[in-house]
Amino acid sequence: LLVLGLVEYGATVVVLDLNGEYKNLGMNINGEKNKFSEKIHVLMPGKNFKVTLAQTSLSVMMRILVHALDLPGTSSREFRHIWRFLEERNMLSLQELGEAIRRWQCNQQVKDALFSRYYTLLHTNLFTDNSTESIDFEEFFRKIERDGGGAVVIDLSNSSTIDRQIIVEYILAKLQDLLSQWKIRAVFLFAEEAHLYLKETYWDDIVTRMRHFGVFTTFITNQPNTIKENIYRQADNIFLFNFINEHDLETISRAARVDAETTVSIVRDLPPHHCLVLGEVVKDFPIIAKIKSLEIKTMGETRFFFDEKLTIKNYLL
Numbered sequence: 291l292l293v294l295g296l297v298e299y300g301a302t303v304v305v306l307d308l309n310g311e312y313k314n315l316g317m318n319i320n321g322e323k324n325k326f327s328e329k330i331h332v333l334m335p336g337k338n339f340k341v342t343l344a345q346t347s348l349s350v351m352m353r354i355l356v357h358a359l360d361l362p363g364t365s366s367r368e369f370r371h372i373w374r375f376l377e378e379r380n381m382l383s384l385q386e387l388g389e390a391i392r393r394w395q396c397n398q399q400v401k402d403a404l405f406s407r408y409y410t411l412l413h414t415n416l417f418t419d420n421s422t423e424s425i426d427f428e429e430f431f432r433k434i435e436r437d438g439g440g441a442v443v444i445d446l447s448n449s450s451t452i453d454r455q456i457i458v459e460y461i462l463a464k465l466q467d468l469l470s471q472w473k474i475r476a477v478f479l480f481a482e483e484a485h486l487y488l489k490e491t492y493w494d495d496i497v498t499r500m501r502h503f504g505v506f507t508t509f510i511t512n513q514p515n516t517i518k519e520n521i522y523r524q525a526d527n528i529f530l531f532n533f534i535n536e537h538d539l540e541t542i543s544r545a546a547r548v549d550a551e552t553t554v555s556i557v558r559d560l561p562p563h564h565c566l567v568l569g570e571v572v573k574d575f576p577i578i579a580k581i582k583s584l585e586i587k588t589m590g591e592t593r594f595f596f597d598e599k600l601t602i603k604n605y606l607l
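Per the working numbering, the very first residue in the sequence shown carries number 291; after that it's consecutive.
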């Protein structure tokens, strides 16, 4: 609902879709295209989402290697030298990068570390040497802005844990680059279950520093205790659905700007399709809102084995 509302107002939205729940936002329940169909862009890493090394840039690649793949400092320095060596000779490609690492004069442990990360990058299928199948992120987002906004859904449902970290790191770094150079306007980022692909030490950077670049983040989680308390304290708004777990309620109530007892008592008794809204949007006055139903094909519904609920009387003679 929030994603489509922002799109309707002309905003650019990026969704990190962990379970493939957002990829059909452009379709009605009956499977037909709706009014948002032309504004929902689903990118599937390794399929219609590939990039070349030249499009990636050294700064973005270093963030991937350091933050997602934990490349040590010594190896990072050697990688920079290799990258610049290839770049100066207009030889920057996956194949040439592998050959350069193999021929590079350096410590064997450093070379092993570089090869390990190189093959990890290779197996993501995110990177390609074929420019015709790559996507130009800058032009892609500029076109969305020219067309009056839209949602970019990054489908991570078929990606492994390490691949997710690499893909998300690429997207965040690329967005920061484009925003810092004023090549695109502000972006609304929706991160579903972010603890599964972002390290805790990196969350503060997204919520605080990246906001100055124009990235406004919405965290979506079924496990409130996985988000650090200081993240809650920096949140402008909290939309809270029915939670009965004591630990979850305690975590959220400590960060809410209303007293904890009020928050806990309201949330426990929330009926289905209702949420408690806290924060600036309601001037710190807690309000219960009924969620508008959407005639779209959502994919987040729980799948059951039995089509109908069975009661004990079905088995009584």
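In case anyone wonders, no lab produced these hints; they're calculated from the structure.
Computed from a predicted model, the values in this text were never measured in an experiment.
There may be inaccurate statements among the hints.
What the hints assert, rightly or not - Derived lysine to any residue pairs resembling SDA-like cross-links, with alpha carbons at most 20 Å apart:
id: 1; residue 1: Lys518; residue 2: Asp495
id: 2; residue 1: Lys582; residue 2: Lys518
id: 3; residue 1: Lys464; residue 2: Ser583
To be verified - Now the in silico label distances, taken between C-beta atoms and shown as ranges:
id: 4; residue 1: Ile425; residue 2: Gln524; range: 56 to 62 Å
id: 5; residue 1: Glu377; residue 2: Val567; range: 27 to 33 Å
id: 6; residue 1: Phe529; residue 2: Ala344; range: 26 to 32 Å
id: 7; residue 1: Glu519; residue 2: Arg393; range: 39 to 45 Å
id: 8; residue 1: Ile425; residue 2: Ser447; range: 41 to 47 Å
id: 9; residue 1: Thr511; residue 2: Asp437; range: 56 to 62 Å
id: 10; residue 1: Phe503; residue 2: Ile577; range: 26 to 32 Å
id: 11; residue 1: Asn512; residue 2: Asn397; range: 41 to 47 Å
id: 12; residue 1: Asp437; residue 2: Ile577; range: 47 to 53 Å
id: 13; residue 1: Asn397; residue 2: Ile319; range: 56 to 62 Å
Where is the CB? At the ideal position from N, CA and C, for every residue including glycine.
Hint check results:
no.	hint	in the structure
1	Lys518 <-> Asp495	holds (13 Å)
2	Lys582 <-> Lys518	violated (30 Å)
3	Lys464 <-> Ser583	violated (34 Å)
4	Ile425 <-> Gln524: 56 to 62 Å	violated (32 Å)
5	Glu377 <-> Val567: 27 to 33 Å	violated (50 Å)
6	Phe529 <-> Ala344: 26 to 32 Å	violated (41 Å)
7	Glu519 <-> Arg393: 39 to 45 Å	violated (50 Å)
8	Ile425 <-> Ser447: 41 to 47 Å	violated (19 Å)
9	Thr511 <-> Asp437: 56 to 62 Å	violated (31 Å)
10	Phe503 <-> Ile577: 26 to 32 Å	holds (31 Å)
11	Asn512 <-> Asn397: 41 to 47 Å	holds (45 Å)
12	Asp437 <-> Ile577: 47 to 53 Å	violated (34 Å)
13	Asn397 <-> Ile319: 56 to 62 Å	holds (59 Å)
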